[in-house]
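Assembling the complex is the task here: the two chains are given apart, and the hints tell you how they should meet.
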Amino acid sequence: MTEPEVEELLRQLTPQVLGALLRRYGQFDLCEDAVQEALLAAAVQWQQRGIPESPRGWLITVAARRMTDQLRVESARRRRERAAAALSPPDELVAPGSDADLPPERDDTLRLLFLCCHPALSPASQIALTLRAVGGLATAQIARAFLVPEATMAQRISRAKQRVKAAGARFSLPPEEERADRLRVVLHVLYLIFNEGYAASSGPDLQRADLTTEAIRLARDLHRLLPEDGEVTGLLALMLLTDARRPARTLPDGSLVPLAEQDRRLWDADAIAEGGALITDTLSRAAIGPYLLQAAIAAVHDEAAHAEETDWPQILALYELLERVAPNPIVTLNHAVAVAMVRGPRAGLDLLATLATDERLAGHHRLDAVSAHLLEMAGDTAAARERYRAAARRTTSLPEQRYLETRAARLRNEAR
Amino acid sequence: MKYVVLIYSNPAAWRALPAEEQDRVIKLHNDLIDELTETGEFLNIYRLADAANTRTLTRPNELPVVTDGPFGESKEVLASLWEIDVDRVERAIEIAEPLTQHSTVEVRPLMDAAGMEM
Chain A
839 MTEPEVEELL RQLTPQVLGA LLRRYGQFDL CEDAVQEALL AAAVQWQQRG IPESPRGWLI
899 TVAARRMTDQ LRVESARRRR ERAAAALSPP DELVAPGSDA DLPPERDDTL RLLFLCCHPA
959 LSPASQIALT LRAVGGLATA QIARAFLVPE ATMAQRISRA KQRVKAAGAR FSLPPEEERA
1019 DRLRVVLHVL YLIFNEGYAA SSGPDLQRAD LTTEAIRLAR DLHRLLPEDG EVTGLLALML
1079 LTDARRPART LPDGSLVPLA EQDRRLWDAD AIAEGGALIT DTLSRAAIGP YLLQAAIAAV
1139 HDEAAHAEET DWPQILALYE LLERVAPNPI VTLNHAVAVA MVRGPRAGLD LLATLATDER
1199 LAGHHRLDAV SAHLLEMAGD TAAARERYRA AARRTTSLPE QRYLETRAAR LRNEAR
Chain B
22 MKYVVLIYSN PAAWRALPAE EQDRVIKLHN DLIDELTETG EFLNIYRLAD AANTRTLTRP
82 NELPVVTDGP FGESKEVLAS LWEIDVDRVE RAIEIAEPLT QHSTVEVRPL MDAAGMEM
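Read top to bottom, the protein sequences are chains A and B.
Here my numbering is used: the first residue of the first sequence is 839, the next is one more, and so on.
Here my numbering is used: the first residue of the second sequence is 22, the next is one more, and so on.
Bound-form chain B, shown alone (with noise of 0.2 Å):
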């Protein structure tokens, strides 16, 4: 099964880190990611650039708006998302589980165009 790891975090929270504590966190990340190509269980990653840099678009009327800086007053934005291949969800939350630290994150299947019929 495939799934999406959506890691949101709350960039100013993230930029009032000690730089150990960055340093440490992002060394997490990465030994995870190489960990799990190791198992052939990685697929991909996305890293996001900073959400200052986001455009949003909404149609408030007739006609398409763009708007500088992310949707919603959300303080906590989308920082990376990971796609994964793993035998069960059980597994796909063990993998997620130490993503957690200073961020939120999100773990969800995608779609296959596969399908048994009923």
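Just chain A, same shape as in the assembly (with noise of 0.2 Å):
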């Protein structure tokens, strides 16, 4: 076997192994460490003497081997009245049969990924946290990821697994009544997972660029799992149908392209036809939500094989029930977007004027940027050079501060 599809096998075994160990000991910050010192020794020995023949109880064995270690440890600490049960050998666990002998529980992908999504974690520890205990990858490439030192990374992992700790969260499905709520937290975390690495592929962080498969791979999974939620069939949709456009989003030299410029010929037509396909199944039975509606949204952009035969109406009619749906202020800037390709730019202006005063947009570089583009539609150079110019100034991103000089130039030239 390759290092690489070494490595797919040992991240594909991450959560399986840990379940296992979760439902022996329970203590998921220890579990944890455990496996991930196995899946590094597993790196290293796979490499040189090959595959075992059962490699998920090869490191179910290694991991409950380290965790007896840890748990000797920590019970010599302790003294003596919890050692004896903490070395009760794992008799299950130390002389594993086939892989067939001790078959995968179904959810354990599931119970990780309500864990690590715990909602008394901030967005970036849930990050980490699902990174490394259900995608299988080390401190040290999620900290290349996010462009932090590794020690910081090991930090927030290691008080993210306090934090789960202290908040009493068991390895087990949340409560029925709960089950909704926890599952939008654990959608939003991919959902941005797969923003950070789709936003870094303009850039030179190709590592960070990775997070986009990463979080399609997760959202795969947890879509295999629960094969009937329309938003987690939703979110699938919407990266693949989102990432198939990342060949033409950028040119070679890092600069963005927008959609409406990009060459089609390289977005990738398989990704557009799954993703197409798996809207189609569920528009008709599931209950629809804002990623599915997203994910239609993009799918109609994907469809268009020129930018002038793209569906405006349909779009727009798609905005318009996702408006209803979950109405925030970014949405409303593409809805504006959406009237203006079918009312004409003022329409889309009016609409725009509706969130100047709402404070969660203030001073966001992004209504600057649409209503610029607004007013270049409507002909009103000289105002849209002015809000060009002022996005750029807010914008915190590289490439986008490029595009929108770019584009408050080219007015510039056009007025002369």
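What the hints contain is simulated information worked out from the structure, not anything from laboratory work.
Every clue listed holds true.
Taking CB as the label site, the calculated pair distances span:
no., chain 1, residue 1, chain 2, residue 2, range
1, A, Val882, B, Lys96, 55 to 65 Å
2, A, Ile1168, B, Glu83, 47 to 57 Å
3, A, Arg861, B, Val110, 38 to 48 Å
4, A, Ile1168, B, Pro119, 30 to 40 Å
Listed below are several chain A residues computed to face chain B (Cβ distance under 8 Å; list not exhaustive):
no., residue
5, Ser960
6, Thr990
7, Arg997
8, Ala1038
A quick note: this is a predicted structure, and the numbers were derived from the prediction, not measured.
Note that CB positions come from ideal geometry on N, CA and C, so glycine has one too.
Given below as structure tokens:
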């Protein structure tokens, strides 16, 4: 097996191995450390000696051994009274049979996702913990993806685990009445991981761009576990339909290409087909939520072979639905673009005017950028240029700034 | 989001403070750094040498000129620079608030190489 194949296998097995350990020992923080150590040992040893007959059993055995070592250290510290319990050998784990003897628990990945995306954690901690405990990424890899020192990321992960423990979270599915809310948090975390990677695909940080692949992998796992959930399907479809445009969204020099100007022949047709099929299946039978609607909008864009063929009335109808299901100012911004494309730029600008007093968007560069775009459509060159410049000053993204400055400069040249 | 926290202070006013007050403020800063290291929000700190060590480079005509001491007439000079990584600007401001004792503090986002098409 090649190195990437070994890594892929290890990462697939991570939640299963961690699940097996958690069922036996129940201590998330220690189990998670033990699994990480087993993964590291496997990465080295499997390269040299080949894949063991039962990779999953191998990992569980090694991780369980680390775990008993850990518990021994702990129990020595806590004196004798708890030692007896901690030292009892995990029989079924020390001598595993073939993988078939130890059927993986179907819900382990799901339980782990709920644990890592616990509401007691900040989004940054939920992301880091999910990537490590469910994604099987090493701390160093996560640190590189988020451009922070490894020690900082290690600290975030260890603190997140302490918090999960302090919150009394258990390795079980949340009670039925909390399930929907908790699932929404999980989906949001996967969405954030995806966006982090997608935004980075314009920059030099390829390591960070790999996060899209990771988010799609996790969303696929989740979809496999909850195939009936419309929002899970919607999120997976949204990721596929967005990522499909990745090869066209930047030029070789890293500059951004807006949707209308992308070379659509570069789009990933397989991903578009897969995302489209997921939506078509789901729209007819599941409740319609925000991810499914956003995926449907992405699908309409992706179906147009040329920007001029885009079915804007359809997109407008979907944004009207989205505003009803999940109103927020960013949705209104995009809605205004659709209004402008169907009813003309002035109608779009009228809708934007309703956002001028929205505190959630105050000083946000996107409001300036969209206004500039619609003013340009309306032929108000001077005002458009001002808003492009304002947006360029406000964004904290280098490629966005470059794009916005180019737009402003282009208008200046035309005005001459 | 990554931010820098820029802490400006007046060296003369600082030196005029009683030693206990200086110790108290230094401890406050160090405790905050410890706390942020523990939460995984702290990335880096640059403690700047006394402004008397500054060399300022300008180019009044065709040639660069080097002068001793900081640029401009301001009594407040950059004393230290922290780099933090937080979820929201509100959190960055919350972190910076206790640093305003005897200092003026600026919180500014760092540019990111990532971006979304518009």
